[in-house]
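Student: Here the protein sequences come in this chain order: W and F. Read in our numbering, the first sequence has 197 at position 197, and its numbers run on one by one without any break. Read in our numbering, the second sequence has 671 at position 671, and its numbers run on one by one without any break.
FYI, nobody ran anything at the bench for these hints, they're computed from the structure. Please note that the accuracy of each hint is not assured.
Said to hold, decoys possible - Which stretches of chain F does chain W cover? Using the computed rule of at least three CB atoms under 8 Å from a CB of chain W, they are:
#1 99 to 110
#2 377 to 389
What the hints assert, rightly or not - In silico lysine to any residue, SDA-like type, Cα no more than 20 Å apart, as pairs:
#3 Lys126/W to Arg109/W
#4 Lys126/W to Glu152/F
#5 Lys96/F to Arg109/W
#6 Lys96/F to Leu152/W
#7 Lys96/F to Arg58/F
#8 Lys96/F to Leu63/W
#9 Lys267/F to Ala343/F
#10 Lys126/W to Leu152/W
#11 Lys96/F to Leu39/F
#12 Lys169/W to Leu152/W
#13 Lys169/W to Leu108/W
#14 Lys96/F to Trp60/F
Source: prediction; values computed, not measured. Where a beta carbon is used, it is the ideal one built from N, C-alpha and C, also for glycine.
Listed below, chain by chain, are the residues.
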Amino acid sequence: MGARQRRDSVNPARRATGWAFLPLRNGFMRRLFRLRPLEPLPYRVSPRRIYILPTRQGMVFGLLLMGMLLGAVNYGLSMGFLFTFMLAGMLLGALLATWRTLINLEVLRVDGTPGFAGEPVYFRFKVLQPGTRPASGLWLDAPETAPARVGLNGEVTLSLVATRRGPLKLGPCRLYTEAPLGLFRAWTIFAPDCTVWVWPRPTRQSPPLPAPAGGRESTHDAQRGGTQQGSEDFDGLKDYSPGESLARVAWKSLARRDDDTPPQLKRFIGDPAGELWLDWAATPQLDQEARLSLLARWVLMAEQGQQPYALRLPAERVASGHGPQHRVRCLNALARHGYRAGGMP
Amino acid sequence: MTMTTPRLRHAEALWLAPPLAMLLPHLATLPVWLSAACLALWGARLGLALSGRALPARLWRAVLAVAATGAVWLQFGTLFGQRAGVPLFILLLFVKLLESASLAERRLLLILTQFMGMSYFLSAQSLPVTLYLLAVSVGTVAAMAYMERLAEQEAHAGDARVWPDPRASLQLAAGLFAAGLPFALLLFLLFPRLDGPLWQWPHDTQAARTGLTDRLQPGDIANLIQSPEIAFRARFVGAQPNVNTLYWRGPVLSAFDGRAWTAMVLKPAAQPGWRSVGEALDLQLTLEPHQQQWLFSPGLPQPLPEGTALAAGMQWHAREPVRQRKRYDAHVYPGYVLYATGAELAAARHVPEGVNPQARALALQWRARFPDDRALAAAGLTHFSAGFTYTLHPPRLGVHSVDDFLFGARRGFCEHFATSYVFLMRAAGIPARVVTGYQGGEINPLDGHVVVRQSDAHAWAEVWLPDARGEARWVRVDPTASVSPSRIERGLEGALPAAELPPALVRLSLPWLQDMRHGWEALNNGWNQWVLGYGQSQQLALLAAFLPDWANLRGLAALSIAAGLLGGILLAVALWRMSPREPIEPAVRLWQRVLRKLARLGYPILPGEAPAGYIDRVSAGQPAWRELLQRTLEVYLVLRYGAEKSAKTEDAATLQALQDAVRQFESHPSTRRH
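For reference, chain W alone in the conformation it holds in the complex:
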């Protein structure tokens, strides 16, 4: 049963990164971090949006420098002064070097990979380093994700375990670095406009697939399992629609034609031409999420069964089809259920 979480698409276990506590919804904080509601990519890191603070070791270094200065004053150590000031100058250089690691970086794009609720969804980023330097010492995280290191090719993937069906918006992201000495951490926060649809978690066990409905020359009873036997007898052609199995395309007739009409599919007698409808109305009277979960299981089962299927929801229907793209289309429709098309609830 799709136990509905009251949390807002977050995984509490991932709340370890610390900065999630920044009240970024607060107007002052949003202004402080110059955070726009959503930003188009590419996002180029400008100086005004880089923040920098010492790490814990950096603070220890600062305190030790104070101690050194006091020692130099107290014991009148001329070289103590020089040593202390040189280290302080070095520290200043390190601060700017850390800052420089981020400057002019460009976050080119982010692609979300949808997934089922309870499983990880992935956001794949491409970060472009200016000049010829390879990306080094760069990290990326979002409030609910573990930090991920930006690869040498500038690619980095954040993963997030989606707990709830529906749209999952990638919140503000933080690109940060502690290079080169680990004494300072510089970061920039940006909010890419990226939403993935989290599919309903398929039920473990489900009633069998509903019987295909509306077959042309066969009864409802004959349809079940009759797919394979009937496939031998050619019955005619029908228009191809995206997602249908390429195995049935009438390649010969396609080769003969030179117009732009869609390819024709071979139809066979005994096909579930009457279409397997995965229908909201056919699901038991459970709560909404449970019914969606059941439909998700049916989609997977139908996909495994190699048979075209169609999906009918109260507000949306997906025409019959088959194949990975069709499956994604159906699952997305399930994920969208109850939300407006724009993605926002």
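Following the hints, complete the assembly by docking chain F onto the known chain W.
Tutor: Just chain F, lined up with the frame of chain W:
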């Protein structure tokens, strides 16, 4: 750490190098057991790092830390102050090595290593030490950078293509230091220096320093003379005196308790008891810290440099003990007349009862024979000129030390001659006192500085004698000169048989070795004078030369803050200008200039428009520009998309052509009107 490859383990072991390098100079000053413990801990840690075995359990490290603290306490009797605090810090740092495995802990340890390096300046601040410590400091930062890169390497799953190069880290560290150098130098020059300490641990003052003290007991100076340490350096600007004849006057010892002589209290004289005579010498005196107040001068300093005073007995002294190397610039009158108050004379006549009966008897004999004080004093000197031997190894003297010396051993050193002579004078009723200080010195031919060492320590007498006109004043009398005139003329090695010279004092006879020593000492002196000796007065002098209005402490503070900010801003600007951007080819930049100009003239390029089409469109509207624009376009296209990326010279010529075309277009009358 468990999954690391041997290669990674070996590279990671590099972070253990800086602590060892920073420890090396400390080894000479630390107790032997502590040095051994640090080296053993370091070796153990290196073994663990290379073999990849687990670090000892937390309990063991805690036991080690407690044991280390206890051992330091047993050795020094305290845990605080520089004497015990520095060894304790170092030992605990090496114990901490055993628990440092993670990146954060390595960072922390390398930071603490910097602190350990800094603490060595308490022991020495010479040029080589400073250069060494700064070099290790750069290495330490390089190790920090390298550890960061290695941590990244682990994330790249050991990808050999991105294996970090330690040399790159070293270069990075050197770059960071170089970037901070202007900032550091400005602060070094401007950060307000204090003359005294902020606080003091009771034990720190006891850090034994050789030098003259306010007490003189038999054997004190003989001990001092074994030390080749430099007591002070002096430079005479202008007139150069004969250094061999200089008596650097120090503590004046008047009170005698039968065994030891004690210096007169440093209190202001009741009335100025002195007067200068003749020409002054321009003296620059650079004193090594001797933890005492005495200053040494070959005459009467006048006027007195800041922070110094003349106490009763014309004892020149600093107001605070000299705890750091310090320079005084003074006018010194080698000729002076020194008077005395009644109390001073009374003290200088005092002879304790019941000691040295034979010497007293001798003095009374002399008194009877020479009613004139001057004749008596001269007779006393002649007494020493025969039958006495000058030696650093006199036999032990008993309770009646003067008697034992005068009538028994007859072998002794300047302190024996001076104290015996003063005792005889007092017993004869003539006020006399012992003066200690240094005699002579060695001129470094390279920088002209007179180097005075502890081995030049000397003691002589001052006797209250009338001059030719019958006016009494203190007169310097040096009985040692009667026994061994060469001590005064040629220094210690001239006075002593070669076998008796302390090993440290055997002068280098090879000329080139001597030159080298002179060169080295001149370099050190320059370092001491200009770098180490840079203090508040030098700061203020520097400011007075450039910014007279700011030449005070508040000005210094304000300027150092401003300098810090300015340095930071300059650094930021420099780094910002160096920050990586997509490099723009010069040709593109020129082309963009044309585009901007055309846009201002009302012909902005449309999105997606190709250069050729764009120029055609503009030319159609403005035929007057056609020729120039076409030429610009042609050259630009050759530069950008020319098939043969030709030799650089040719490229340069084409670029020049483009530049010319752009300039012509920009200065064309029809484009300038707008």
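Student: Look at each hint and say if it fits the structure.
Tutor: For each hint, the structure was consulted:
no.	hint	verdict
1	99 to 110	holds (count 4)
2	377 to 389	violated (count 0)
3	Lys126/W to Arg109/W	6 Å, holds
4	Lys126/W to Glu152/F	19 Å, holds
5	Lys96/F to Arg109/W	45 Å, violated
6	Lys96/F to Leu152/W	34 Å, violated
7	Lys96/F to Arg58/F	11 Å, holds
8	Lys96/F to Leu63/W	19 Å, holds
9	Lys267/F to Ala343/F	13 Å, holds
10	Lys126/W to Leu152/W	11 Å, holds
11	Lys96/F to Leu39/F	13 Å, holds
12	Lys169/W to Leu152/W	27 Å, violated
13	Lys169/W to Leu108/W	18 Å, holds
14	Lys96/F to Trp60/F	11 Å, holds
The earlier numbered hints that this structure contradicts are 2, 5, 6 and 12.
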